Amino acid sequence: MRQLLVLAALAGASLFAASPGAAQDARGALRRYGCASCHRVPGVRVSRGQSCTGCHEALVDRQRARGRAPSIRHYVHVPDLSVAGARLREDYLVSFLQDPHDVRPRLEETMPRLPVTEADARLIARWLRRDAPTVRTSPAPDRNNAAAGRALFARYGCATCHELGNVDFERAVPPEVLMGLGRAAYEAPNLRFVADRLDPDVALAWIENPRAVSPNTQMPETNLSRTEAILIRDYLFFADAGVAAAPPTPNLDLTPLSRRVSFREVRRVFDSSCIHCHAHTDGESASALGFEPSSLDLSSLEGVRTGVVLPDGTRRSILEPGDDGVAPLISRLLRRHTEAARDVRAPRQDGLAPVTRTRPEAPVGMPLGLPPVDATDIRLIATWIAQGAEG
Amino acid sequence: MSRSLALAIVLALGFVAPEAGAQSLDGVQVAALDEDPSGEQAFADEEGYEDEYDEDYADEDYADEEMEYCGGGEMSLVDEIWDEMEYGDPASAHDTLVDALQTGDVDPWERGRALSLLAELQLRRGEPGRAIVNFQRAEHISPGVTDMSRVARATALYQWGERRQARVAARTAHEELCSDQYAVAGCYAANLILAETERAPGERLAAADAAATLRRANPDLANALDEVDVQVAGS
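One line per chain: the protein sequences are R and F, in this order. First residue of the first sequence? That's -9 in the working numbering, and the numbers climb one at a time after it. First residue of the second sequence? That's 5 in the working numbering, and the numbers climb one at a time after it.
One or more hints might be untrue.
With beta-carbon atoms standing in for the labels, derived distance ranges [unchecked claim]: (1) T176/F with D132/R: 28 to 34 Å; (2) D213/F with N206/R: 28 to 34 Å; (3) N227/F with A202/R: 34 to 40 Å.
Every beta carbon over 12 Å from chain R, so not counted as near; a handful from chain F, in silico [what the hints assert, rightly or not]: (4) S96; (5) D99; (6) P112.
Source of the hints: derived by calculation from the structure; they are not laboratory data. Nothing here was measured: the structure is a model prediction, and the numbers come from that model. Think of the CB as a built atom: it goes at the ideal place given N, C-alpha and C, for glycine as much as any other residue.
All chains should be modelled from the sequences, with the hints used to inform the complete structure.
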């Protein structure tokens, strides 16, 4: 029930914020897209118990302490926007908000693709950067320093935590060592985006003294000299990211199973993530994360059969084939597999897609920001639909 | 001498029991599966066992089960029994599950998961042989259903003396769990088993070192890892 209250609160907040008077307000935009449901956001307060990440962190802490592999491992820790936004370039923030990509290769989840407009992205980016740290002016990045910088990068073990595209620094790190390093290792960004994300001055300040830029960062103190820091920064600005890895090719066989599939079995798939947002709507339309207000209840057979209901009462089936001949419920799940070819890439499996500023193609894949639903589960749902979507 | 201390000494010495002395699993597997080749009806259980549960399993402080089932969906019977195992009374969970399996109250599509859960409960009761059979049946009915129980399966095989199969299972568990930043205890358990079952002394030592690394890096999990020591060593 707590999760439902949170979602209801977020939905209410976003409806309120969608009024014309608030549309130009950055905080209104932050509320409209539900940023505070995961991130700590300046000017938008949400307690730990009212946020997705706060709930997830509490669960993980409990289960981990009991020696269990936590049942949840996504969206446990996300960047604190009160500091993370300040160090990133405005143009990068604007593009990332509209077209997020995989920044942290050791995390399966990514920033979800939300329908953020460029105007809203710009408002949010400027708001997040309003307290951008003042850093010393540094020399412009010099390509001639890259080779020396690469040697230092390797010598100081930066590649223990960081990936840089698909570059192999020949540093095999046992997983137990990564576990020992904790969040610093798992949340370390892919450094091939440094030139996109950071101004040269901020990049240098970060390498020299990360806590001066972000007091709570997981990045350890480097104790590098300024000269060494400049060399490493220059390497990162001119580094060759290696050879692009081929996208994953999941076996998406949707041939119906020969056995009977019940809704209870299908609902178990929905329970794993879908139901966080699509449940118990009681027919009330809600808007959250910036999407069109609607209701969809995947927790009951009746709700699934009813499908999406818009505020004016218009109903859209999620089971009847669409223009592409596929039920929208299935096509959304399959689309996430396509998105994941860019959004969910394991370390050293980088497709080397460039940073873009393209709004996601609608409709977006589901589940938002998470790894795709397993192909066998999609086949299960497709079978259930083919069998008449009975109880 | 505590079991965790004993295990630590065994690890430090790199002791490996000869595989020739292992208990035979083959008889159990064949006998159990021959009775029900499809594996759809039977499960391994016997009457007359002692109730050996440790009261430490009960966690009175945990009172927010609703939050545990994050997402708001309704819990199935197997979900409820899993919850009872983790946060309530494992003995009760075992009995409820056995009853449910006998009376057919478990949905057919959840039977594989139910058998995997029963195997975990039996392992906790010190019944690795039956646990192995039920893990096999679970996997036979629903391939992949025991993925979340890889360490338990490896532990059962290790306790039963099936060192080669335990090694294979522990390697799989290691590959999966040690890439999950939160699965410290599972990764630790996999390393404990590998420290005993790997063929080469260097590999056994590396696994023991990895387990020690995890201990040093996670002092806040000392109690949980102590528990893992006991679980792997067997009661």
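Comparing the hints with the structure gives:
no.	hint	in the structure
1	T176/F with D132/R: 28 to 34 Å	violated, 48 Å
2	D213/F with N206/R: 28 to 34 Å	holds, 32 Å
3	N227/F with A202/R: 34 to 40 Å	holds, 37 Å
4	S96	holds, 18 Å
5	D99	holds, 22 Å
6	P112	violated, 9 Å
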